[in-house]
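Colleague: As a plain string of letters, each chain reads:
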Amino acid sequence: MSGHDWPLWEVFVRAKGGLNHRHVGSVHAPDAELALRHARDTYTRRLEGVSLWVVPSSSIVASDPADAGPLFEPAEDKIYRHPTFYDIPDVVKHI
Amino acid sequence: MYTTELNKNVKPIEVAEDPELVAAFEARVAADEFIEPKDWMPDAYRKTLVRQISQHAHSEIVGMLPEGNWITRAPSLRRKAILLAKVQDEAGHGLYLYCAAETLGTSREEMIEALHSGKAKYSTIFNYPTLTWADIGAIGWLVDGAAIMNQVPLQRTSYGPYARAMVRVCKEESFHQRQGYEIMIALANGTAEQKRMAQDALNRWWWPSLMMFGPPDDNSPNTERSMRWRIKRETNDELRQKFVDITVPQADFLGLSVPDPEVQWNEAKGGYDFGEIDWEEFYAVVRGEGPVARERMKARIEAWEDGAWVRDAAAAHEFKRRQRAAA
Amino acid sequence: MPTLPASEVDVEEKVELAFVDYCQRLGDDALILGQRISEWCGHAPVLEVDLSLANLALDLIGQGTNFLGLAGDANKLAFHRDVLDWKNCLLVEQPNGDFAQTIARQMLFSTWQHMLYQRLANSSDARIAGVAAKGVKEVAYHRELAADWVIRLGDGTEESARRMAQGLDWCWRFIPELFEVDEVLAGLIERGIATDPREFEAEYRAEIDRVLTEAKLDAPAEQRPILGGRRGHHSEHLGHLLAVMQFLPRTYPDATW
Numbered sequence: 001m002s003g004h005d006w007p008l009w010e011v012f013v014r015a016k017g018g019l020n021h022r023h024v025g026s027v028h029a030p031d032a033e034l035a036l037r038h039a040r041d042t043y044t045r046r047l048e049g050v051s052l053w054v055v056p057s058s059s060i061v062a063s064d065p066a067d068a069g070p071l072f073e074p075a076e077d078k079i080y081r082h083p084t085f086y087d088i089p090d091v092v093k094h095i
Numbered sequence: 001m002y003t004t005e006l007n008k009n010v011k012p013i014e015v016a017e018d019p020e021l022v023a024a025f026e027a028r029v030a031a032d033e034f035i036e037p038k039d040w041m042p043d044a045y046r047k048t049l050v051r052q053i054s055q056h057a058h059s060e061i062v063g064m065l066p067e068g069n070w071i072t073r074a075p076s077l078r079r080k081a082i083l084l085a086k087v088q089d090e091a092g093h094g095l096y097l098y099c100a101a102e103t104l105g106t107s108r109e110e111m112i113e114a115l116h117s118g119k120a121k122y123s124t125i126f127n128y129p130t131l132t133w134a135d136i137g138a139i140g141w142l143v144d145g146a147a148i149m150n151q152v153p154l155q156r157t158s159y160g161p162y163a164r165a166m167v168r169v170c171k172e173e174s175f176h177q178r179q180g181y182e183i184m185i186a187l188a189n190g191t192a193e194q195k196r197m198a199q200d201a202l203n204r205w206w207w208p209s210l211m212m213f214g215p216p217d218d219n220s221p222n223t224e225r226s227m228r229w230r231i232k233r234e235t236n237d238e239l240r241q242k243f244v245d246i247t248v249p250q251a252d253f254l255g256l257s258v259p260d261p262e263v264q265w266n267e268a269k270g271g272y273d274f275g276e277i278d279w280e281e282f283y284a285v286v287r288g289e290g291p292v293a294r295e296r297m298k299a300r301i302e303a304w305e306d307g308a309w310v311r312d313a314a315a316a317h318e319f320k321r322r323q324r325a326a327a
Numbered sequence: 001m002p003t004l005p006a007s008e009v010d011v012e013e014k015v016e017l018a019f020v021d022y023c024q025r026l027g028d029d030a031l032i033l034g035q036r037i038s039e040w041c042g043h044a045p046v047l048e049v050d051l052s053l054a055n056l057a058l059d060l061i062g063q064g065t066n067f068l069g070l071a072g073d074a075n076k077l078a079f080h081r082d083v084l085d086w087k088n089c090l091l092v093e094q095p096n097g098d099f100a101q102t103i104a105r106q107m108l109f110s111t112w113q114h115m116l117y118q119r120l121a122n123s124s125d126a127r128i129a130g131v132a133a134k135g136v137k138e139v140a141y142h143r144e145l146a147a148d149w150v151i152r153l154g155d156g157t158e159e160s161a162r163r164m165a166q167g168l169d170w171c172w173r174f175i176p177e178l179f180e181v182d183e184v185l186a187g188l189i190e191r192g193i194a195t196d197p198r199e200f201e202a203e204y205r206a207e208i209d210r211v212l213t214e215a216k217l218d219a220p221a222e223q224r225p226i227l228g229g230r231r232g233h234h235s236e237h238l239g240h241l242l243a244v245m246q247f248l249p250r251t252y253p254d255a256t257w
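Protein chains in written order, with UniProt numbering: chain A, 1 to 95; chain B, 1 to 327; chain C, 1 to 257.
The following block holds chain A by itself, in its conformation from the complex (with noise of 0.2 Å):
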């Protein structure tokens, strides 16, 4: 070995009770629990979080942007998963 660095961590935090974690960005460690320490000592400074996760970059499993149009257009057309798609008089309430 002569010094290289570190694997590619990304980064979660929960910004505060009742939210998801959200990705905040990398960092770079050796193991698991000095990759939590990175990311608590480098993205949670400023009180941004009450919780981390951390995830080995290699981890990930990314969908291909160029099959974005058969993942994600089918979905365009099913308005009748929305509320507002549905026909109620006024009158009717609690619906």
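It should be emphasised that the hints constitute simulated quantities derived from the structure, not laboratory data.
It is possible that part of the hints are untrue.
A few chain B residues facing chain A, derived, Cβ under 7 Å [said to hold, decoys possible]:
1. Tyr96
2. Gly105
3. Glu109
4. Glu110
5. Ala314
Ideal Cβ positions, reconstructed from N, Cα and C, are used throughout, including at glycine.
Guided by the hints, dock chains B and C onto chain A, whose structure is given.
Modeller: What follows is chains B and C alone, placed relative to chain A:
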């Protein structure tokens, strides 16, 4: 500065590519869409971005050194904590930016090697020495002031990871310029010795700060394309003029004088006229001939080389741990 | 106002002097170590470590400021005392050395500081309890981070194990000072203001042993204790640290910054 091509001899990157893909890409960028790591992008876009983002990251990291020089000598406990927090922010910003560049397929290690070998550039401003405490004030006020001007528009740059890194950087940097100006206020209202320090710092940092925006527009390669790609949002001269217009009144407020006899309000253009920048000096510093350029590179290379055994040790520990777990 | 008998006034004064002395010890420990760690800024083995070290230093400078604030004017105490009036333990003023020596110093100090602050958070003096309670979470993190690094360096490569052993060996003789109880401390312990460090010495030794075992390191051989910091008798290193730290306020005594 960060969006300025500092390698004067760099040839524009031109690779033959599928014109349909190029047209679709250009259309997305023109429509203010964000480009994400896995999206198709022209090779020139990728390479220009790696160069620009890594140059920006290197500037943050080398930029820690002139201010770091005064952490142990800050004159009060409050100033010490503020300065340390600020320089730490710069480490963070370098880190965010390297990570953004890494999404383009170049490792941080490769970028660091390019810096250490002299292949990669960083902002010329950090090759000037910090001689007195007033330099810490002047850097915050002028250098961070110039940096903010450059960075704010980059929050809307076309490459998603870069734009997101810049949002974080800008949010964190908002206190940097204010703390610098606050130091200048204290000095300008202080003893005769403090006023002398303050004026001397302004004298030394003024011109290098103007140079931070890079060569004049008519001598700035690739500007047109970078503007079209939204990886540069305003020209060097536009930003420089904005900076002068904002900063001269701030110097007046301090009772300090900008070291340029030609600075004068021009009613017709609604901005200040100012003197000619010494571009010979600028290009000498770009070439690595700045007053403390060698000290800066030496410090960075030593930190990296002296840290090699630490990086190796942690990696070796993890390797052993995994082996034990597997056994 | 009823006046106290002369002997009780003396006692009150003595306690107050001891209180000031103790707050200086606590403040000086934190500030000097914070100053030392801040020397790393911009020079750490990797960017992430630079951020970690700066966090440690910021916490310590904050604790130092708070404790010195209980003893008087924190800035005056930080920038206008000479060596003989500094009361930090000798461990914290030791030079950074390489990263292993820095980590050895940190682990040995933070573990002690954590055990101390946990107890001081229940001090009968609300001011000390307040500052300690605020610091205890910061220090808990320092202690864990330092132990993590001792383990990685100790059980890393041959070179890192050798350096870690040398770093520990350098610091080892300064441990007994952490558990020293002199007259000042004894008086405060009696009143429940200070904590008797001897109460947690066994716990401390066991914890250091635990970390060293996990790091596959042997504890250094026992060394003759070096004492004196609490009485102002320091190593040669402190004078240089102060010369750097105090240079501006000393050179320009009339200036405000």
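Colleague: Of all the hints numbered above, which does this structure not satisfy? Sort the numbers upward.
Modeller: Of the numbered hints given earlier, those the structure breaks are 2 and 4, listed in rising order.
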